[in-house]
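Model the full structure from these sequences, guided by the hints.
591 is the number of the first residue of the sequence shown in this note's numbering; add one for each residue after it.
Because the hints were derived from the structure by calculation, they are not lab data. Treat each hint with caution, since some may be false.
Pairwise CB distance ranges, derived in the manner of DEER restraints [said to hold, decoys possible]:
id : residue 1 : residue 2 : range
1  : G640      : S606      : 47 to 57 Å
2  : L604      : S630      : 33 to 43 Å
3  : V591      : P628      : 38 to 48 Å
4  : P628      : A693      : 15 to 25 Å
5  : G660      : N681      : 39 to 49 Å
6  : S662      : P629      : 33 to 43 Å
7  : F598      : K631      : 18 to 28 Å
8  : T616      : V672      : 16 to 26 Å
Predicted, not measured: the structure shown is a model, and the values here were computed from it. For each residue, glycine too, the CB sits at the ideal point set by N, CA and C.
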Amino acid sequence: VIATFVPFTYLDDLISAGILVAFTMTNWCVVALRYESPPSKPFLLEKLLGMFNGLAFLCGICIGRGGFFGISSSCGCGVCMVGSAVYLRWNCSKSTIAADVIAAEDEADVSSTPLT
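Here it is, written out as structure tokens:
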């Protein structure tokens with residue numbers, strides 16, 4: 591329905607940005623399972639992941655637009671994305687719940703493998 595009213599050049603940019611957002615949301619879920627916000631800063635992990643996802647969407651739009659403004663904006667978004675990822679790694683601890691689940695799954699895999 592949207593494709594009948596929106597020109598393909600805009601639709602192409604939105605599809606590219608949407609696919610980028612889908613990949614970052616998948617990664618968002620994995621990171622949210624493996625890390626947790628510090629008790630002193632509740633929801634820090636969620637805020638950083640939301641900022642990263644928004645910047646990834648904006649970066650995809652800027653790359654699609656091209657030109658000097660598009661390239662410089664996408665480079666700025668990329669730097670901010672890397673900064674938010676580094677800040678997340680330094681300030682959010684690994685989740686103990688996810689580590690226990692992963693260890694239990696690994697242990698179950700090892701114990702179910704027959705010895706030859």
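Evaluation of the provided hints:
1. G640 <-> S606: 47 to 57 Å: The hint (47 to 57 Å, Cβ to Cβ) is violated, given that G640 and S606 are roughly 21 Å apart.
2. L604 <-> S630: 33 to 43 Å: Holds - the Cβ-Cβ distance for L604 and S630, about 39 Å, lies within 33 to 43 Å.
3. V591 <-> P628: 38 to 48 Å: Holds - the Cβ-Cβ distance for V591 and P628, about 45 Å, lies within 38 to 48 Å.
4. P628 <-> A693: 15 to 25 Å: 23 Å, holds
5. G660 <-> N681: 39 to 49 Å: 31 Å, violated
6. S662 <-> P629: 33 to 43 Å: 39 Å, holds
7. F598 <-> K631: 18 to 28 Å: 44 Å, violated
8. T616 <-> V672: 16 to 26 Å: 19 Å, holds
Of the numbered hints given earlier, the model fails hints 1, 5, 7; all others are met.
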